[in-house]
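S.K.: Take a look at the letters that make up each chain.
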Amino acid sequence: MKKQSLPELQKICSQLRRDVLRMVHAVQSGHPGAPLGCAEYFVALYFDQLHHNSNFQMNGKGEDLFFLSNGHLSAGWYSVLARSGYFPVAELKTFRKLNSRLQGHPATHEHLPGIRIASGSLGQGLSVALGIAQTKKLDKDSSLVHVLMGDGELQEGQVWEAAMYAAHYGMDNVIATVDYNGQQIDGPTVKIMDLKNLKAKWEAFGWEVIETKEGNDLASVIAGLEKAKSLTGKGKPILNLLYTEMGYGVDFMVGTHKWHGSPPNDEQLALALGQLEETIGDY
Amino acid sequence: MSLDLKYTYTEKKDTRSGFGDGFLEAGRKNPKVVGLCADLIGSLKMGDFQKEFPDRFFQTGIAEANMIGLAAGMALGGKIPFAGTFANFATGRVYDQIRQSVAYSNKNVKICASHAGLTLGEDGATHQILEDLGMMRMLPHMTVINPCDYNQTKAATLAIAEYEGPVYLRFGRPSWPVFTPANQKFEIGKAWKMIDGKDVTIFATGHLVWEAVVAEAMLREEGIHAEVINIHTIKPLDTEAILESVKKTGCAVSAEEHQLNGGLGDSIAQTLIRHNPAPLEYVGVNDSFGESGTPTQLLEKYGLNAENIVKAAKRALARK
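Sequences listed follow chains A and B, in order.
Once you know that position 130 of the first sequence is 130 in this note's numbering, the rest is easy, because the numbers rise by one and skip nothing.
Here this note's numbering = 1-based position in the second sequence + 1000.
This is chain A alone, in the form it adopts within the complex (with noise of 0.2 Å):
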């Protein structure tokens, strides 16, 4: 794929927010928040930063691969995986309902062309990740395993086991991203459960840090990814912690909790939509 301008990544930013609003409007049902906190990343990895077959091939042998681990932004996955070619983008509006291959979490048993594993039940993306990384390694094979994750998610146990491995296995072909808006669906992070120093832990996991500041920011997105692709193949693990809001590009949306996991009705919705450009087209 030809990479796109700044102004046009952005635009396919703005479509993505949509996509994702209207998705979850339809079947009033779903997870706006997040995945409208991360636009910016979910753009820059498919429009700028994967190198990725055109064919989707599930063994994903000698391309770079994206795992989301926190499956519940499936509707900014979905978006991003129709825009960038993977399946059509009229198939968008199936999103959730009755026998469609967009199931309300990700899953492989209807064969989504872009999706390798199942996800939704938190703290497993990395290990698969890593998996397949290790195979990569075993094989020879030198392209990149991305995965992301939330905040919150790193409060399973299962994200530590994963992540000490990588680091004794000198897994350094994985860029793990933290979504880090500082939110969860039962309230802020700091509230339910501190994280504390989330870069002090995973320095002291043996994982080299980076961190993105302003996670909404495309072009501040893009060089994080690229300062990290830059510090693979050194022998050690990357975490880009990649500071995000919530419900970024609504003003009545962003910085809270509140559209976790709840759709905007009609009225919200049309509020919503009118602060979001319509740039390549609705589906």
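No wet-lab data here; the hints were simulated from the structure.
There may be inaccurate statements among the hints.
Chain A side only, calculated, beta carbon under 10 Å to chain B, not exhaustive [stated by the list, open to error]:
#1 59
#2 65
#3 71
#4 112
#5 116
#6 124
#7 127
#8 128
#9 129
#10 131
#11 136
#12 138
#13 139
#14 142
#15 160
Please read all numbers here as calculations on a predicted model, not as lab measurements.
Quick reminder that beta carbons are idealized off the backbone N, C-alpha and C, glycines included.
Place chain B on chain A using the hints.
M.R.: Same frame as chain A, now just chain B:
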């Protein structure tokens, strides 16, 4: 008085060694076979493979959840991962990881579970899992195998390496009679009629197949001719073989080193109730945890040995 056994043995070996030897052979046959173990390489007999193929073996430390996820990722990348730990930690501790990353995602992961059941012995109830067959057979896509001795476990290990899909392979710790042939062909999902009979069918799995062989000889001394069927694959269950046998004998006994709830007995009951509701008696652990003791003592105390199979067979016969 010595029993006229239809099968005999010259040596006793642990089924986990059958797994370890089969795993090594599978690794030699197919370079895609890789191994993972959560700090129990010696106990699982995975050391020979690790020594011969160090690049294809991954010590994960005491972190079973991560191990299951890693295995799913390796399967995704085209490897055939064998992930080993004690049956307790290979199931209950990681049920959600198996459910989402392996079963639901239909990944070619072999979950290799040792030290299952009461015959783990002295370590006691914390480690004696008796619920694993039930948990695993409830999962869609999962194949569940519980072989009976060293030779069958080795053959099963080789067979699952060639089968595409998630598998739960259960084996154990104690030294146990080796009474089935070396280099046997193992057919997943195909029950093995070991002894022909006409009065009652004994469906047994795992270590209790040997107890069923002994029970058959004891029953024969009393003029009762039992059929013994080795159900090494609990899922998919060979319902044809079960129905064919019970059609002939008219009653049955199930024998397993597992809770009565959810295991082989329930699987057979489901089949019979739908197609041929014949009397079925269960031999297994009755809604209780185990305890410390020798394997033989535990099988006796919890009612899982040959004598108990004989009693169950007589109860089933009386209900015909």
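S.K.: Does each hint fit the structure? Answer for all of them.
M.R.: Checked hints:
no. : hint : result
1   : 59   : holds (5 Å)
2   : 65   : holds (9 Å)
3   : 71   : holds (9 Å)
4   : 112  : violated (12 Å)
5   : 116  : holds (6 Å)
6   : 124  : holds (5 Å)
7   : 127  : holds (2 Å)
8   : 128  : holds (4 Å)
9   : 129  : holds (6 Å)
10  : 131  : holds (2 Å)
11  : 136  : holds (7 Å)
12  : 138  : holds (7 Å)
13  : 139  : holds (7 Å)
14  : 142  : violated (14 Å)
15  : 160  : holds (9 Å)
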